[in-house]
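J.: Listed below, chain by chain, are the residues.
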Amino acid sequence: MQKYSIFSLARNALSHHQHWSRAWRSPAPRPQYDVIIVGGGGHGLATAYYLAKEHNLSNIAVLEKNGLGSGNTGRNTTIVRSNYLWDESALLYEQSLKLWEGLSQELNYNQMFSRRGVLNLGHNLHDMRAIHRRVNANQLNGIDAEVVDAQWIKQFVPILNTDNARYPVLGASWQPRGGVARHDAVAWGLARAADALGVDIIQNCEVTGIRRKDGQVIGVETTQGYIKSKKVAVVVAGHASMLADMAGLRLPIASHPLQALVSEPLKPILHTVVMSNAVHGYISQSDKGELVIGAGIDAYTGYSQRGSFHVIEGNIAAIVELFPLFSRVRMLRQWAGTVDICPDACPIISKTPLKGLYFNCGWGTGGFKATLGSGWTFAHTVAKDEPHPLNAPFNLERFTTGQLIDEHGAAGVAH
Amino acid sequence: MLHIHCPWCGLRDESEFSYGGEAHRVRPADPDALSDEQWADYLFNRGNPKGLHHEQWCHSHGCRRWFNVERDTVNNRIVSVYR
Ligand SMILES: Cc1cc2nc3c(=O)[nH]c(=O)nc-3n(C[C@H](O)[C@H](O)[C@H](O)COP(=O)(O)OP(=O)(O)OC[C@H]3O[C@@H](n4cnc5c(N)ncnc54)[C@H](O)[C@@H]3O)c2cc1C
Ligand SMILES: [Zn+2]
Chain A
425 MQKYSIFSLA RNALSHHQHW SRAWRSPAPR PQYDVIIVGG GGHGLATAYY LAKEHNLSNI
485 AVLEKNGLGS GNTGRNTTIV RSNYLWDESA LLYEQSLKLW EGLSQELNYN QMFSRRGVLN
545 LGHNLHDMRA IHRRVNANQL NGIDAEVVDA QWIKQFVPIL NTDNARYPVL GASWQPRGGV
605 ARHDAVAWGL ARAADALGVD IIQNCEVTGI RRKDGQVIGV ETTQGYIKSK KVAVVVAGHA
665 SMLADMAGLR LPIASHPLQA LVSEPLKPIL HTVVMSNAVH GYISQSDKGE LVIGAGIDAY
725 TGYSQRGSFH VIEGNIAAIV ELFPLFSRVR MLRQWAGTVD ICPDACPIIS KTPLKGLYFN
785 CGWGTGGFKA TLGSGWTFAH TVAKDEPHPL NAPFNLERFT TGQLIDEHGA AGVAH
Chain B
383 MLHIHCPWCG LRDESEFSYG GEAHRVRPAD PDALSDEQWA DYLFNRGNPK GLHHEQWCHS
443 HGCRRWFNVE RDTVNNRIVS VYR
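Residue numbers (the working numbering), protein chains in the order written: chain A, 425 to 839; chain B, 383 to 465.
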C-alpha cells in the first residue's frame, strides 16, 4: 500500500499526479474463497477489513454489483452519533463511535470525521420527556449526552428560530462526540486497507444465486461466473430480501426510498448537526459549504432510488420554519437511497437457518454511523460462526421470540 | 409524486392516499393454532419484491376506502388498480 502523507503528496505533485498507484487492485475472481462478502458498501467493506485484520483471514472476496459505495453508503447524510435508548443498541453504536475515533490514522486515509456535536430537538412536552429518558439511559451506558434548554440552543445556534409558532424548540439532547464523516472516504479507505491485507475487491459483479447443498452454502452464482465458498456474508442493505429469496428465506424487511438533498455552497453558517424527529428533518453543513438535508422515508416500498416530491417539500418547509434564514437558499441536487426498514428500527446481524450463510441488514435510515461496529462484530460472527456479544441481541430469531429492540424513538425516521 | 387512480374517485395525487403495505395478507383465523414461526411470518415477514408488487392503498383524504394497486417497485409504474 502506498502511504499517503505530505511528502508523497509533494513528490507526486512534481510529476503532475500521474504516478499514484491504484488504491486497490481489481482482480478477476478466483474459483474459490474462504469467505465471500456480498455488497461493497461501507458495512461489507468494514466486514472484509476486520476479517482480515482481526481474524487473520485473507482468502476473502467482496462482490459488488456496481461500484464501491454506490448504494446507501454514498447517498447518506453522514451523521454519526451513539445516543440510542436501549442498552443493546447504545453499546453497538458506541463501539462504532469508538472505532471511528482512530480510523483516519489506522487506515492512513482521511475520513474527515468531524466531531461537531449533534442536537436532537424537542418540540413539545412529550419530546422532552423522551429526551430526558434517553439522555439518562445514555449516561448510565457511559455515553456523553446531556439535556440542553432552548436558551442554550439559542446561544449555540443563533440562526435556529427556537420560538417559531409551528415547531417551538423547548430543548434538545446534545452529544458532543457525534458529528459527520465523509461517506466516500469511508468506503474507499476501508477498501484500500482491506486490499492491502489481501482481500479481493471485485466490482461490477452481481450475485444472482446462492448455491446450497444439505443445508450448507457452497457458493454463489454471479455475473462473472460461479464462485465457491462455504461462507457467504450478505451485506446488501435495501436488496437484502432479494438475496434472502435466492436462499429460500423470508425477512422482516421493507425497502423504502429515503431522500436527501444538498444546497448550493454557502460560507460557514452551521457548525453543528441539528436533527428533529418530529419534523422529519436533519441538517448539517459540509466542508464544501453545502447544506446537507435529509428527509423521512417515502411511504411506499421501492427500489427506484427516487422518491416523491411532496416528501422533500414537507421536509424543507420544516427546515425553513426552524431556519428562516435558509428560505432563499437554492438546492443543487436531490436523490434517494433504498433503505432496508426493520419492524423494530434495529438491524439484523445474524446467522441464518442455512449453515455458512450470514446476513447483516435492516440498518434502514441510520446505519452509516454503525459501519465500523457492524463490520467489526459481523467479522467475528462470520469468522467464528457464532454471535459477538454486541450483535447477539440483533439475531433473526428475535422476530419469533418477540424479543424486539424498539428503537423507533432514537432511530425512527431520523438518524 | 405518484398519481393513483382511486376506483371510486378517479385519478388523484399520492398525497391524498395512505400506504397500507403488502396486499392479500389474510389474518390467520385461529392464531392460537399457529407455531411461533408461523405467527412471526404473518406478523413481520414481507415479500418486498423488486418488480411487481400488490399493495394496499387507502384514499384517506377522499372517499376513505381501501383498494389494491399493482405497482412496479423499480420504476413506480402502476400496472393495475382493483378493489
Ligand atoms: C438519504 C439517506 C440518508 C441517510 N442518512 C444517514 C445518516 O445521516 N446517518 C446514518 O448513520 N445513516 C444514514 N443513512 C443510512 C445509511 O446510509 C445506511 O444504513 C448504510 O450506509 C448502509 O450501508 P451498507 O454498506 O449496509 O449498504 P450499502 O451502502 O447500500 O451497500 C450495499 C451494497 O450492496 C450492493 N448489492 C446489492 N445487491 C447486490 C448483489 N446482488 N450482488 C452484489 N452486490 C449487491 C449494492 O450495490 C450496494 O453497493 C442514510 C441513508 C440514506 C439513503
Ligand atoms: Zn377515493
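Hints are computed from structural coordinates only; laboratory data are not their basis.
Note that the coordinates shown come from a computational prediction; the quantities given were computed from them, not determined experimentally.
Some hints here could point you the wrong way.
As the list claims (entries may be wrong) - Listed below are the simulated DSSO-like cross-link pairs for lysine-lysine, each with C-alpha atoms no more than 30 Å apart in a straight line:
#1 LYS779/A - LYS654/A
#2 LYS578/A - LYS691/A
#3 LYS432/B - LYS489/A
#4 LYS779/A - LYS432/B
#5 LYS432/B - LYS775/A
#6 LYS637/A - LYS432/B
#7 LYS489/A - LYS691/A
#8 LYS654/A - LYS808/A
#9 LYS655/A - LYS775/A
#10 LYS432/B - LYS654/A
#11 LYS432/B - LYS427/A
#12 LYS432/B - LYS522/A
J.: It remains to establish, for every hint, whether it holds in the given structure.
T.: Tested hints:
| no. | hint | result |
| --- | --- | --- |
| 1 | LYS779/A - LYS654/A | holds (8 Å) |
| 2 | LYS578/A - LYS691/A | holds (20 Å) |
| 3 | LYS432/B - LYS489/A | holds (15 Å) |
| 4 | LYS779/A - LYS432/B | holds (26 Å) |
| 5 | LYS432/B - LYS775/A | holds (24 Å) |
| 6 | LYS637/A - LYS432/B | holds (26 Å) |
| 7 | LYS489/A - LYS691/A | violated (38 Å) |
| 8 | LYS654/A - LYS808/A | holds (13 Å) |
| 9 | LYS655/A - LYS775/A | holds (11 Å) |
| 10 | LYS432/B - LYS654/A | holds (27 Å) |
| 11 | LYS432/B - LYS427/A | violated (42 Å) |
| 12 | LYS432/B - LYS522/A | violated (36 Å) |
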